[in-house]
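> Given next are the chains, with one letter for each unit.
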Amino acid sequence: MKNLQEQLADMVESMPAFPTSVKKVIELTADINSNHKDLVKVIEHDPIMTFKILKLVNSPYFGLSREISSINHSVVYMGLNTVKNLAISIASIGMLPNENEAGLNIDKFLYHSVSTAALSHLLSKQLGISNKENSDFFVTGLLHDFGKIVFSQSLPKEYKKALYLERSNPNRLIEIEKNIMGVDHTQVGMLLSKKWNLSSQLRKAIGFHHTTKSGEYPDNDVLVNIIFITNKLSKELQGSENLKSFSKELVSDIKSRFGNDLDKYIESPEELRKEIKKSLQFLNI
Amino acid sequence: MKIKFWGVRGSIATPKDNTLRYGGNTTCIEIISDDGKRIILDAGTGLFPLGQQLLNQMPIQCSIFLTHTHWDHIQGLPFFTPLFIPNNIINIYGSFDPVCNKSLKDILTQQMEYCYFPVREAELKATIQYTSLPEKQVTKLGETKVTNILLNHPVLNYGYKIESGNKKVFFTGDLEFPYNIYEPEDDSYEDYNNLINQRNEIIYDFIRDVDVLIADSAYTTEEYKSRKGWGHGTFDTCINMAKQANVGSLYFTHHEPTRSDDNLEDIFKDILEENKDNPNGPNYFLAKEGMEIEL
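Chains R and G are the protein sequences, given in the same order. Per our numbering, the very first residue in the first sequence carries number 119; after that it's consecutive. Per our numbering, the very first residue in the second sequence carries number 1285; after that it's consecutive.
Honestly, the hints are just simulated from the structure, not real lab data. Even glycine gets a Cβ: it sits at the ideal position worked out from N, Cα and C. You can trust all of the hints, since none of them are fake.
Which residues of chain G face chain R? A partial, calculated answer using Cβ under 10 Å: (1) F1380; (2) N1385; (3) D1471.
Here chain R is said to cover these stretches of chain G; the calculated rule only asks that three of the stretch's residues, wherever they fall, bring their Cβ under 8 Å from a Cβ of chain R: (4) 1410–1421; (5) 1463–1470.
With the hints as extra help, turn the sequences into a complete structure.
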């Protein structure tokens, strides 16, 4: 009997990517003269394609001395044509259906993943983090909720129930997931990224993106703190088109995790929205 | 250590009167280590004449290291007569295929399927063992060491370093140094440049101080402009690599299939002229079919 980690990992192997990126990959790769960076942009805005490519490049087949945590790095390491053909083979699995039995809205999921990625990248720059690491922040933001999509595909009945219960108990999804499935989506994301040798920083940030209790998360880890905040920021921005200011709770979270370092951004939802828009254009959503 | 070139042509065999001096067979290099191990780098069409020559030494044991499985590097394999003869032991090493998730054995067996070749892999009489190598694996053959490093090409391509006695040889297989896919004004440009530089340093460190570097110099810098992304190096990228890594001698190979012997020699003359003021730099040679090097 396979354990849960192996069952979920097997399921991810056959999981198709998001329809918008599958269509774009097919379109771009049909033209020999298409722009390579456009293809890379599409891959790096799709959590499923990104996870699968990072999984392969970090696999024991490649005796890497350090983890590869971005698509650009994967391209420099494995070569453009190999990454391109990996994207084609992922695209050939098919497309994630718009409707799934669990009732997880995949457009909203993708929007949230990409916007969390874009915000994480932006805020890491604001905090003076080096260019080299900015892309790691983007990738972690993109993958932070990966466990949800895995649940929706592998345990659709159970996850449907969890999402139903969440509606009447907002902000308690973690607890509900644990009650129904025994694990929550942060743990699943962490388990899979561990199995596939993704960086320990990324694993931590995925695993602690809902943890608030002092002492239960590494409070001096910038990536953990960023993903915790950008997950919330992105939800508030997605929740209301005309949002003029963030909730008091979020403002206080930002202050407690970053002091005044991110003040400028707390004041301007409009600026953040612009950044998200820039990222979403790669997927036409 | 002894090195012999059996095929120096790139991409496709070129049996023409104007390629006779340097040779028309595709990539195949034979190395005999100090302790007598026979190592064959790539199985292009040059492997056929090598196999013919080995027929009077049966049974043989040899290790074939494939840089990658594009046609010009494997086409000689089904025609390597020792594979058909019992008691020969032939070990074949190379990369797995991450795109189709195939082992080296699967890839090479497919090359001998019904549509492509009359004899199936299962019918070969020699004892054949296939090894899909992870990167930077050290393969020990007696006292000889062979280590592989991933290099940029439109398929996974391993360069191999062979160490025997106190001598070292490195063969690139096909190598195009990666270029930046972004424009200077793009956000990712600088990050990508850093990744490329970091990667190149790893390669230079890996081949530092080798006695002989055999490298893919398919194009001139001018020709390369319209062949970017095709996966091959230029004379200048090879010279730069040789200088950065402080190698003893550089042998240019993978000669472009439309290049005549006269043209090749004209290019080489210019290279020697351009690099004559570098007494401590590497020695330069054009790889030639039949050429032997003793270290």
